[in-house]
Each structure stands twice: as C-alpha cells, then as structure tokens.
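Each protein sequence line maps, in turn, to chains A and B. Mapping to UniProt numbering: the first sequence position 141 is 141, numbers consecutive. Mapping to UniProt numbering: the second sequence position 250 is 250, numbers consecutive.
Just so you know, the hints here were simulated from the structure itself, not pulled from any lab data. There could be a bad hint or two in this list.
No distinction is drawn between identical chains; accordingly, a pair holds when it is met within one copy or between any pair of copies.
[What the hints assert, rightly or not] Heads up, simulated DSBU-like pairs for lysine-lysine below, C-alpha to C-alpha not over 35 Å straight-line:
| hint | residue 1 | residue 2 |
| --- | --- | --- |
| 1 | Lys173 | Lys115 |
| 2 | Lys189 | Lys144 |
| 3 | Lys140 | Lys93 |
| 4 | Lys41 | Lys144 |
| 5 | Lys94 | Lys56 |
| 6 | Lys189 | Lys76 |
| 7 | Lys189 | Lys111 |
| 8 | Lys173 | Lys189 |
| 9 | Lys140 | Lys55 |
| 10 | Lys144 | Lys9 |
| 11 | Lys144 | Lys56 |
| 12 | Lys111 | Lys28 |
| 13 | Lys222 | Lys41 |
| 14 | Lys257 | Lys175 |
| 15 | Lys93 | Lys28 |
| 16 | Lys24 | Lys140 |
| 17 | Lys246 | Lys144 |
| 18 | Lys144 | Lys111 |
| 19 | Lys55 | Lys209 |
| 20 | Lys115 | Lys222 |
| 21 | Lys115 | Lys94 |
| 22 | Lys140 | Lys28 |
| 23 | Lys222 | Lys93 |
| 24 | Lys257 | Lys9 |
Protein chains: 2
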Amino acid sequence: MGIKRYMIKDTNEISLSKLDPGEKGTFKSKEEASVETERLKERLAELQDILFAQKKHSLLVILQGMDSSGKDGTVKHIFSGLNPQGFTVTSFKKPTLDEAAHDFLWRVHQKTPPKGYISAFNRSHYEDVLVPRVHGGLSKEDLKRRFRYIRQFEEMLAEEGTTIVKLFLHISKEKQMEKIQERLHDPKKHWKFDVSDLQEREYWSEYQKAYEDVFRESSIEKAPWYWIPANHRWYRNYLALSIVVKTLEGLDLSYPKLDTPTPNISELISPHH
Amino acid sequence: MGIKRYMIKDTNEISLSKLDPGEKGTFKSKEEASVETERLKERLAELQDILFAQKKHSLLVILQGMDSSGKDGTVKHIFSGLNPQGFTVTSFKKPTLDEAAHDFLWRVHQKTPPKGYISAFNRSHYEDVLVPRVHGGLSKEDLKRRFRYIRQFEEMLAEEGTTIVKLFLHISKEKQMEKIQERLHDPKKHWKFDVSDLQEREYWSEYQKAYEDVFRESSIEKAPWYWIPANHRWYRNYLALSIVVKTLEGLDLSYPKLDTPTPNISELISPHH
C-alpha cells in the first residue's frame, strides 16, 4: 500500500468528509496487517540506530487529531520498539502561564529534536491555530500571521536538518462516541475520560473545517500532512509506521566510517615489540 | 541629543569606517553626561515597573560588538538599576554540543523575554552569521538563508509583543588595543584577557565588513540596529540608555486598572453591619 495516497497535496480541494476514516487498505485481515506492522517496527529500530550514529538528520513526527482519535495509542504502538536514548515525546497541553507569556512557538521550538534524534509531538503548535479558529479570540489576520510563522518555522527546521512528518488521525464522529463510552465503562480507561471532551464534541464540524484550513495553510513540501484513517487502530498503526519508515528511508542514512585507517589491533594490544 | 542619528537605516550605504567611534555628542564634560545618565537610569526603572505590571509588552536588547567593545560594561552600567525579578541577561558563548545539534536559533529563542520582562543578550544569533562570514564554513547561500531566518524570527517576536533593540558597540582598533592592555596590566581585569582575542584581532577588517553585511541584511523596521560610539565608556552608556528609554517610552505603557469597581474599604473591613 503506497503512502502517497494519504499525503495531502491538493489542498484547495481538501474535504475531510470525503475521506473515509474506516479505510483498511488491501489487508484481508487484522492479523495480516499485524505481521507487517511488526516488521516495520523492527525496520524503524534499525533506521533509528543509523540516524543516531550518523547525527546528521533528525526526525519530528507531529500527531494531531480530534479527542479520542488515538494519538496516545499511536505513539505507544509505533514507537515502543525504539531506543529511548534517541527518542522523546512531548505532549502539549493547555499552555501554562509561563508558556502563554511567550510567542506560541516558544515552547515547541525547545522540544525539537537535535541531530540524531526522533521526537514526537502529541498535539503541537497546531492547537494554537485550531482552538482560536473554533472558539474565537484571534482575528482572521492574526490567524493568517500564525500560519505564516508556522510555515517559516517548519521550513527553517527542515532546511537545518529536521525532517518533519505531520499525521492527522482521522476518525468518524460515531467512532469518537464509541471510544468515549469505552473510557466511561472500562476502569482501565476512566482516567482518560474528560468531560471537556464532550463539550468539544459539540464543535465537531467546526474542528473539521479548522483542520481543512490547517491543511490548506501548512501542507508544505518540506513538511507534508498525511491523513490516517483511524477508525481501525490496527490500520492506523500500520499506516503511521509505514509513513515514518518510508520517510526515514528517503534520507541518506548510513553509519559513519572511521575517519582514521583501521588500526592494526595486534599492534594496539602489544605495542612494545 | 536625538537617538535617530544613530539608527542604521540607509543600509546599502553603511560604511563603519565613516562612523566615528570617538563621538561624544554635545556634552561639555563627562560629569555633565553622568548627571543625565543617572536620570535615565531612574526613568528606566520606572518604565520597567509599568512594563512588569502591565504584562503586555516585553523588551529584548541585543548587544553586539568586537572583543573589548564594552558589552559587559554596558550591561552592568545601564541595567544595574532594574528590578532583577523582571530582568535577565544571557551571554551566548561558543555553542555547546547540545546547542550545536539544533538549529542556531534554538538556544536564542528559549531566552527571549516573556511579557512584562526585559532581556539582554550579550552576543546573540548574530555570532552565527558573523563567525562563518569571517572564518568560513558556510556557503553564501547558507548565510543568506540564515539572515532570512533571523529576519523572520525577529519579525515574529516583534509582532507577538517583543520590542527589539539591537546595539552595535563601535570602537576603534586602537581603542581595542588599549583595552586589551588594560586587561593585561590590571589584576582586576586579568580574568577578562583571552589570547583568542588577539587572534581575532587579526581579522578586524573582515569583521567590520561582516557587520556591514549584518546591518544590510537585518536592520528591519521592527528590529532596528543602532551604532553606539563606544571609545568613551560614559558616552556609550549614556547613549545606550537613551535608546532603551526612548524605545520604552514609544510603547503604550500604563499601569493596569482594577477591573472591578473600587471596593468600599469600610465594607470589606466590617462586612456584618
């Protein structure tokens, strides 16, 4: 299954209602996908090892989506095979007082990955355009400016060596209700239930429109958006992993060579004869 | 003495060799300037108090200049009257390994002032264009790109509420030698002597040209450069303070009002009758 199909390009045309959150690709069964997903996890770990050794590139994976779309689950499943020494996740919540006293990119810039590392953002600076777009508080011009800052910021990161992948987890409104109910009924998931999720659900269609704006304004070549059908967790995980792996395979990753000639080991061990 | 004379505007024409580092303005004596400088320090403290109370604006003062041009001394003299709770200084040295693994604006962005605060940068992201311009390591295109990132970054900060003032401390090559010798002969100044300053001195004219590039590429309306004649410490301090004070006076600073009607104090004290 090619990932190109999920890259958001023709951004003036984008309409989320035409993209099926229930897609399952060409897999015959969930089990078939699982085998493939495990293989991709191993491949990702291999690629991370080279990335870390080479210290030339870094990778930033931005996860966005409605409440209950599976951002936490995606992070957990696709990155659990990584060496934690070269990987960080940051969850961006409602800004603290200190964060709100700075420009909205301030807290995000700090968490960008250094060379050799992979970072995931669970929510991101896109909340700072989505929320005011839905709930007000910024003028149209202010929003335009923020989008411009985002494009400039991401382009700068990309040109300075950070490959950016932006994943939108696309679920249906019905699926969201199912998941909210899971949270209410499964004691292991109670902690994830937040009554504000139900309030935000009232703004479903405004958020969908806000996301379409996001794609129009920020799906740039150097930092493309992908939409991920996310009603089925297993397909979501498979596809997100595929995109991350394919992206890393597109870089010129290779283990660095010794920059001195290979020493003669026997000489090193017994230097006195 | 108006500060406009020192704002760098006609950037295509800028030639540092035509700007006199020995200027002393219209003062008849150092003592006359000192009186004025003290008055300005008090005024700055007043303005900082309002800035801090209002939490609407922030101020970033960027200090650049050749070795021994007086960056440390300027920070010490002009900001010593401030409330330290609302003020920070950051000295940017050679990047650490961790800093060098990120884009060059990463460490700088972290230190930008939150609303209500004044921050000073002793050296800054401008070192990341000056040093490669003089010592090589970046192509012409890479340098151009960095200048573009700087302009975009500073414009974003400015539009999001940070007023930026950039001060170039301009000394003569002879004055620099005098100051290096002071460092060698005064036991209280030994610690400031660094043999690399003598090595860098060999690149004097290349640095002057690099600074002219900086002015051409980054003297933008929202973040102007000022040149400060810095051969005379007292004039340097007076002028730098003047610029900072005038800049703050140009903002709409005012103490915030109570947002509820003034309570009747006697009622608050004895609420039960």
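Status of each hint after checking the structure:
Proximity of Lys173 to Lys115 under the C-alpha cut-off of 35 Å is found in neither arrangement, the shortest distances being 39 Å within a copy and 39 Å between copies. In this homomeric assembly, Lys189 and Lys144 never come within 35 Å of each other (Cα to Cα): the closest approach is 38 Å inside a single copy and 52 Å across copies. Proximity of Lys140 to Lys93 under the C-alpha cut-off of 35 Å is restricted to the intra-copy arrangement: shortest distance 24 Å within a copy versus 40 Å between copies. When the C-alpha separation of Lys41 and Lys144 is checked against a cutoff of 35 Å, the pair qualifies neither within a copy, at 38 Å, nor between copies, at 40 Å.
Within a single copy, Lys94 and Lys56 get their C-alpha atoms as close as 33 Å, and across copies as close as 20 Å, so both meet the 35 Å cut-off. For a Cα distance limit of 35 Å, the shortest separation of Lys189 from Lys76 inside one copy, 15 Å, qualifies, whereas the shortest one across copies, 56 Å, does not. In this homomeric assembly, Lys189 and Lys111 come within 35 Å of each other (Cα to Cα) only inside a single copy, at 28 Å, whereas the closest approach across copies is 39 Å. Within a single copy, Lys173 and Lys189 get their C-alpha atoms as close as 19 Å, which meets the 35 Å cut-off; across copies the closest is 70 Å, which misses it.
With identical chains, the CA atoms of Lys140 and Lys55 are at most 35 Å apart between copies only, with a shortest distance of 24 Å across copies and 41 Å within one. Proximity of Lys144 and Lys9 under a CA criterion of 35 Å is satisfied in both settings, with 20 Å inside one chain copy and 29 Å between copies. Taking identical chains as interchangeable, the C-alpha atoms of Lys144 and Lys56 lie at most 35 Å apart whether they share a chain (33 Å) or sit on different chains (21 Å). Taking the closest pair of Cα atoms, Lys111 and Lys28 never come within 35 Å of each other, the shortest separation being 40 Å inside a single copy and 53 Å across copies.
When the C-alpha separation of Lys222 and Lys41 is checked against a cutoff of 35 Å, the pair qualifies only within one copy, where the shortest distance is 24 Å, while the shortest distance between copies is 48 Å. Taking identical chains as interchangeable, the C-alpha atoms of Lys257 and Lys175 are never at most 35 Å apart, the minima being 50 Å within one chain and 49 Å between chains. For a Cα distance limit of 35 Å, the shortest separation of Lys93 from Lys28 qualifies neither inside one copy, at 38 Å, nor across copies, at 59 Å. In this assembly of identical chains, the alpha carbons of Lys24 and Lys140 never lie at most 35 Å apart, being 37 Å within a copy and 49 Å across copies at closest.
Both within a single protomer and between protomers do Lys246 and Lys144 lie at most 35 Å apart by alpha-carbon distance, with minima of 32 Å and 31 Å respectively. Both within a single protomer and between protomers do Lys144 and Lys111 lie at most 35 Å apart by alpha-carbon distance, with minima of 24 Å and 26 Å respectively. Taking the shortest alpha-carbon separations for Lys55 and Lys209, only the inter-copy value of 33 Å comes in at or below 35 Å, while the best intra-copy value is 39 Å. For the homomeric pair Lys115 and Lys222, the shortest alpha-carbon distances inside one copy (17 Å) and between copies (32 Å) are both at most 35 Å.
Both within a single protomer and between protomers do Lys115 and Lys94 lie at most 35 Å apart by alpha-carbon distance, with minima of 28 Å and 18 Å respectively. For the identical chains of this complex, Lys140 and Lys28 are neighbours neither inside a copy (46 Å) nor across copies (54 Å), given an alpha-carbon limit of 35 Å. Taking the shortest alpha-carbon separations for Lys222 and Lys93, both the intra-copy value of 26 Å and the inter-copy value of 31 Å come in at or below 35 Å. Proximity of Lys257 to Lys9 under the C-alpha cut-off of 35 Å is found in neither arrangement, the shortest distances being 38 Å within a copy and 50 Å between copies.
Violated hints, listed in ascending order, are 1, 2, 4, 12, 14, 15, 16, 22, 24; each of the other numbered hints is respected by the structure.
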